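Student: Chains as they are written, first to last, in our numbering: chain U, 1 to 315; chain V, 1 to 315; chain Z, 1 to 315; chain G, 1 to 315.
Worth flagging that the hints you see were computed from the coordinates, not collected in a lab.
Check each hint, because a few of them may be wrong.
[To be verified] Restraint ranges, calculated between C-beta atoms of paired labels, are given here: (1) Z:248 x G:82: 45 to 51 angstroms; (2) Z:53 x G:134: 33 to 39 angstroms; (3) V:213 x Z:50: 48 to 54 angstroms; (4) U:83 x V:177: 30 to 36 angstroms.
Every value quoted in this text rests on a predicted model; they were computed, and no experiment measured them.
Where a beta carbon is used, it is the ideal one built from N, C-alpha and C, also for glycine.
Protein chains: 4
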Amino acid sequence: MTPPRTPDQLHRFGYLGPRGTFTQMALDAWDAAEGREHLPFGSVDAALSALRAGDIDAAMVPIENSVEGGVSATLDSLATGEPLVVIGEVLVPITFVLCARPGMPLADVRTVGTHSHAWAQVRGWMGRHLPDAAYVPTLSTAASAAALAQPGDVMFDAGVCAPVAARNEGLEVLAEDIGDNASAVTRFVLVARPGTLPEPTGADKTTVVLFQRDDHAGGLLELLEQFAVRGVNMTRLESRPTGAAMGSYCFSIDFEGHVLDARVGETLMGLRRVCAEVRFLGSYPRADGGRPDARPGTADEDFDRARAWLDDLRA
Amino acid sequence: MTPPRTPDQLHRFGYLGPRGTFTQMALDAWDAAEGREHLPFGSVDAALSALRAGDIDAAMVPIENSVEGGVSATLDSLATGEPLVVIGEVLVPITFVLCARPGMPLADVRTVGTHSHAWAQVRGWMGRHLPDAAYVPTLSTAASAAALAQPGDVMFDAGVCAPVAARNEGLEVLAEDIGDNASAVTRFVLVARPGTLPEPTGADKTTVVLFQRDDHAGGLLELLEQFAVRGVNMTRLESRPTGAAMGSYCFSIDFEGHVLDARVGETLMGLRRVCAEVRFLGSYPRADGGRPDARPGTADEDFDRARAWLDDLRA
Amino acid sequence: MTPPRTPDQLHRFGYLGPRGTFTQMALDAWDAAEGREHLPFGSVDAALSALRAGDIDAAMVPIENSVEGGVSATLDSLATGEPLVVIGEVLVPITFVLCARPGMPLADVRTVGTHSHAWAQVRGWMGRHLPDAAYVPTLSTAASAAALAQPGDVMFDAGVCAPVAARNEGLEVLAEDIGDNASAVTRFVLVARPGTLPEPTGADKTTVVLFQRDDHAGGLLELLEQFAVRGVNMTRLESRPTGAAMGSYCFSIDFEGHVLDARVGETLMGLRRVCAEVRFLGSYPRADGGRPDARPGTADEDFDRARAWLDDLRA
Amino acid sequence: MTPPRTPDQLHRFGYLGPRGTFTQMALDAWDAAEGREHLPFGSVDAALSALRAGDIDAAMVPIENSVEGGVSATLDSLATGEPLVVIGEVLVPITFVLCARPGMPLADVRTVGTHSHAWAQVRGWMGRHLPDAAYVPTLSTAASAAALAQPGDVMFDAGVCAPVAARNEGLEVLAEDIGDNASAVTRFVLVARPGTLPEPTGADKTTVVLFQRDDHAGGLLELLEQFAVRGVNMTRLESRPTGAAMGSYCFSIDFEGHVLDARVGETLMGLRRVCAEVRFLGSYPRADGGRPDARPGTADEDFDRARAWLDDLRA
């Protein structure tokens, strides 16, 4: 086994590109990536494949949006294939601008290009201000700005993107803050190859994917009881199809605590026993610094005391 | 209150268009829509808005794909706004073809247009046969075929769509059955305004959206216990962000049985008591005809016997 | 079916005798029995047999002591045979005196007679004051006083009984308040034939005996979930052997609420479904007047609102 | 700490006397006690006090009867005071005879002496054959035989006891097998001071007393979930009053497995965390040799594999 690589040993950072996306903003907010190499990828799959192949040392990818929900490409790519682990998370507030080539009046906009997730988040604004505008999908929000910035014909009159993308491309901003949900946030995770386990900070999260042994009724209930009985709180639960058949699901779950915590360790062992497979996707510091609010009897000291008591009984 | 409209009174059927999509295939498979008016809409939102406005009587929309998971646009549009109900479901096997203008050899394909969900389901095939092809997003799979069929410039060399769309548009099929998962199925639901409650058939499903009273740990566990204690099996559970804040979720759930079944009624009342809101999205016959496998003590006759016994005690 | 008899129609009250027992004190504390006929019986079985036979209209019997626990004879006699129901309860503080024939000094007491349950409750005092006294079992505490009061030989020098028994029999009290637990209380129940259902008062209790369908692991857990999911609190749980085999138990349970309460009704139906048998032993006002502290979503109004909502969905 | 005493080091065995009781039969059935000193005690309390004081090395006492239920004196004496542990159990089939002084005809029996627990188990036979016989309580079944065997006056005409007691005392057996339940069994436990932990045999039991942290609704449910989530089956659950107040209970529980088993260890730690106190009363071989029927995922190997997997994640 190779010695664990500490975050200091991460040199090449991939991200879901192109430049000007919210994902780049997330990577820019990651201190340990400052001054290192940043490489854009065309898709989450491409970034994670490069990571698995050793071409990069870490990848920043979106995993969850407070309005649109889980990012399927990331969830599914982490859930299968060569193991990867999350080593950190970044929360980025999401604000959209409507931008166009200089000189285009808002009233003349007939077509709008952007990524489908962004479009879903500005539908309200569009309904009120450009009810007749047609939607043209692009590969990313930044791609809509880039297309407008290129000379020649373009498929749409205006784009929806992050303020930084409009600025980068020298476009005119027709309207700011056009997201329907002012408090929209996207959560990004920094992914690495196994071998890097961040130290527990007391305010950590752990991510797993659970595959049930069989699809019996009450199966999910049984999994959740493994958390409840040790007082471990979940912060995200997504069901994702395994692809095997309609109705066959696995569960992607984030929960409070670190794999080195006693209560998390016992919970993981319990899940391991009752699941067909538990895929461990890492323990890492929470971006919001929130500490778990342990029910009586479920703090780590309670686990330690119980262990000491048992050792004594067995002696 | 207007008298309930029976399915016979449904005359105008909307669907997620354009022509040539899998959704149209689902509507074609719905016997009661034969010979009625079929109207394509550009988005799930547009179809459901027209339904809410009374412009159409029912809308066929996708809700769940066995490979890609829940269809967020449908889930979210049903979960908010004026109430709508599901009155039926259709399962459509998903098969994709690669098509192009007549004369284009497979080896010359450099760019491929299709809907992002379809692209996700043919990535494996593309990696093996067209590893260097660039992806161009379109609004639907059928839209990629339609674009190729129009004269003049087009943004891509080939499209990925349903066989029927390639045929409709007179395109050449370069490769058949290119989906990575041969058993991929999409589930469509026929949605109507409340007032239409299909009769129980003994093989039914009910759909609800549950909003928790507060986001306390163990909240989901409490909801699932309401099902378990009455022996009601879930067939789908999706968490969807409410948009209020990162980590604030509602749950979209399908389960076995009909609102008129005793055990379903008691389950719904239990959920209503412990949730902030229960949004009832209809009871309808299952497309697969599967009957629930009731645990001892949870069949409808058990509920009836228990009710008779209680009435006797109270007399 | 005979018309229900109201408590006013109860004329003949049996009790676990003889005169001078705590059971008589309980019956004396029952207002509705004032001025009616009071008949002592030699055992709980004898009293309940007379009640079943119609020789008496009600019987006051002990069911639970705060120090000694459940009274097996009562629990078992109610759990089998012709149905009977509890229609009320009385709490009696338990205080014991040591009594003897006039002239007997405490220091000369060598043998002490009393009922085995009373002996268990004064062991501490005896250990400190009469460590060498031998114990002689009697059929009741009052019987020990009665024996001392009769002329001629007696099997013991002193008795342990209620203050009233010593007074009734003209005995000398050698020591007062000799119980080891100053707050000892015994709970008595007034039992009648079915047909008498006390009105709900808002502060009621219900008693049942539950027989499991099979003795599978987790069987009791399943029963308790029927209570938990409707927010119904248990106030007593006793396991009693069914006699069928070592390890075969039924459960005698008291819980808050009245059979006419919505949440109690649904709980009883749930138990009826999952149990081999539910024996209903009555709903009656609590002696302590305590009202249930319903969790959010489990008050009767919550059940009513949920029912109205369901009726609306089904309309 | 003194080195653990193995059963071979037990020399003086106390039991609930007098000679001729079922408890003596249980001690006779305990191979390791053969040839050692056997000392009868007048009560369970007396035997366990002598054990705590070091006057004896072990004590055989009854704990549970298949007809009459738990033996309160034993349960309560083990639950409080200086710790003791169970190191073995014996099952004794219970058969009663009716005996008298030679020459007494059955038809002349007017009074019957025996222990109250025995009387409870022959009530049916008495109702059929001696419906008018009065009951006289004695300290034990053997004491009734001993009283009849002594010269001079006696308080009753016949006794109910074990066949061996009638034989020992030279009495005449008027009727055999008079127990109402032909398969009645009493379970006895051999109790010792802590320090003796029998080896796991694969067919073991563990006994604990659980004191809840507070008497909240659902408290017992929470305790049972600690067992359920590790697949540990209970074989006995008794609630016993703590004496603190009416309705304040602790739980005396036997369950399958040995404290050295992984799943039992984790269960005990879980109970320790959520309880105010867990009193460990020993792990010992089951008298019936029954092995636990572990649910999938709850066998000791499952625990071992889960531990190895976790250790690997943490490395």
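Student: Against each hint, give a clear statement of whether it holds in the structure.
Tutor: Right, here's what the structure says about each hint:
1. Z:248 x G:82: 45 to 51 angstroms: violated (33 angstroms)
2. Z:53 x G:134: 33 to 39 angstroms: Since the Cβ atoms of residue 53 of chain Z and residue 134 of chain G sit about 20 angstroms apart, the hinted range of 33 to 39 angstroms is violated.
3. V:213 x Z:50: 48 to 54 angstroms: At roughly 52 angstroms between Cβ atoms, residue 50 of chain Z and residue 213 of chain V fall inside 48 to 54 angstroms, so the hint holds.
4. U:83 x V:177: 30 to 36 angstroms: Between residue 83 of chain U and residue 177 of chain V, where Cβ atoms are some 31 angstroms apart, the hint holds.
Of the numbered hints listed earlier, those contradicted by the structure are 1 and 2.
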